[in-house]
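Now for the letters of each chain:
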Amino acid sequence: MVRVEDLSKSFGLVKAVDNITFEVKRGEILGLLGPNGAGKTTTLRLISGYLRPDSGNIVVAEKDALANTEPVREIIGYLSEYNPIYHDMLVFDYLHYIAEMRDILPAQRTQRVREMVTTCGLKDAVAKKIGELSKGNRQRVGLAQAMLHDPEYLILDEPTAGLDPNQIIEIRDLIKRLGQKKTVILSSHILSEVEATCDRVIIIHQGKVVADGNPKELQKQSVDETRVYLKIAAGKGSQVLETLKTLANVNEVEITEDESQEIKGYLVHSNHDIDLRPDIFSLAQKKGWILYEMHREVVSLESVFRRLTTAN
Amino acid sequence: MPQTVEQAKQAEPTGLLATAALAWRRIAGQAKKELYSYFYSPIAYVVMVIYLAFAGWFFFSRFFLFGQIDMRMYFGTAPLLLMFLAPAITMRLLSEEVNTGSYEMLMTLPLTTTQMLLGKFLAAFVFLAITIGVTLSYPLTIATLGPLDWGPVIGGYVGLLILGAAYLSIGLFTSAITQNQIVAFILGFAICFLLFLVDKILMLVPGFLVGIFQYLGVEYHTMNFSRGVIDSKDLVYFASILIITFMGTRLVLERRK
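In the order they appear, the protein sequences are chains A and B.
Under this note's numbering, the first residue of the first sequence is numbered 1, with each subsequent residue one higher.
Under this note's numbering, the first residue of the second sequence is numbered 1, with each subsequent residue one higher.
Since the hints were derived computationally from the structure, they do not count as laboratory data.
Treat the hints with care, as some may be off.
Across the chosen pairs, the derived CB separations fall in these ranges [said to hold, decoys possible]:
id, chain 1, residue 1, chain 2, residue 2, range
1, B, K257, A, E23, 20 to 30 angstroms
2, A, G162, B, Y220, 48 to 58 angstroms
3, B, A53, A, D54, 44 to 54 angstroms
4, A, R114, B, T77, 49 to 59 angstroms
5, A, T118, B, T144, 49 to 59 angstroms
6, A, N68, B, A21, 50 to 60 angstroms
Since we're looking at a predicted model, the values are computed, not measured.
For glycine and all other residues, C-beta sits at the position ideal for the given N, C-alpha and C.
Start from the sequences, fold in the hints, and give me the full structure.
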């Protein structure tokens, strides 16, 4: 369990993290979401023990992380955002060094390093200098480093940044697999990633928590609008736009697509949580319009995110 | 898998001795990695070779001129060379970590700032000792030419190591206050040079300060070493430099958190 209470951290005049409180349960994968500069990295750095907060508490596994920095670091694995590692070192030597610093017995080190190399798919890179690795492999070295001591808690700052789509899926699967047994906190500004991997999402904006819940909940919370997209073919001079506007509960209609003179796409907005489709269908039937397409638009996490993080 | 890793880890320390052993393992682990980095990067070899070339030249060019079986010449010039060597050894130790950001990873490993600094210092000291150790070939060579008084030689070498440790600690400090290796080197050299100069300007100093300035000067203390004398007064001086700069380094890093 990780609990963060009233955490604040300023750099000069900038409040990077402003009174953040949240809790991560054991075995949960938590995603910190927010635009660049929202305070995600600072939050993770505070939990990992790299930075000290100005005020607030951090509790990791019932231990006060600020008073027991070293014992808490022992049970945390951390992957930092740019994943900077010693470019001169060979992958194997680097992981060996980490194994030593992580108190793995000398006799077991090589064995453990081998295991991690296999898990992270680094077999071909193990005898290379870290500086010569591709971005994806470097990221894997970072992950191997974070998991080497089999920590209870994994803190991953943008674990998939800079990877290609295949690698992203691999890393996501790896994180999901790990998340079954471990507590994972990861940050991202990619929404689909958080939706795909996390049990819970916290949206951070300007150093504050602006939303907290599982992705589904968050989507529901923000449904104060329904949208229906339809594509209609109607004869010339038929006033589709105007007619749609006269429907009950419709606030706004816009043309979003101009396929041809007859076929056009419309977006119908309503402020009520009402399904407009039956009304639209019967209207179209009455007027003799040909309905090419009609679907209700789901409010994505993306729009939740946008709404919450573009305010002020 | 978790069970095997749990077993693979060293037991949690109980008692003072075990805690000290754990601390030492971490310091030694860090030092090992730094030494590895030294010998994996060309800078270390360049620095070492330059030191040895200059030390050898300064020593042997005059050795044959005077024709004396004596190491005093070496112990006279080595402190000057150390002013360059020590900051060159330490310049990248912290500045580079902070500059590339690897410092972040380092400080999420379970070791305290003090342990980390001690590890780095230890590695720098071992590297320095190896470099200076190579010059042991001088006394060994000239001892074959005639009788050599080993007392001052041993005293001289111990003195060089003590002086080198103080300079390294200064270099580590300047490496902490900047992210640029070159700046760290120049600042480190400047501070060492200042300590060298301070008792050379005694005639410009008001009378009541002369004693203090003289005591602050580094040569005032190394003079005894090259005579083979290790005085507690000198040890206190170098220990003060070590402790003050080490605490300063620690403070700089802790403040940055």
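Results of checking the hints against the structure:
1. B:K257 - A:E23: 20 to 30 angstroms: holds, 24 angstroms
2. A:G162 - B:Y220: 48 to 58 angstroms: holds, 56 angstroms
3. B:A53 - A:D54: 44 to 54 angstroms: holds, 52 angstroms
4. A:R114 - B:T77: 49 to 59 angstroms: Between R114 (chain A) and T77 (chain B), where Cβ atoms are some 51 angstroms apart, the hint holds.
5. A:T118 - B:T144: 49 to 59 angstroms: Given range 49 to 59 angstroms: holds, Cβ gap about 57 angstroms.
6. A:N68 - B:A21: 50 to 60 angstroms: Given about 19 angstroms between the Cβ atoms, the range is violated.
Of the numbered hints given earlier, the model fails hint 6 alone.
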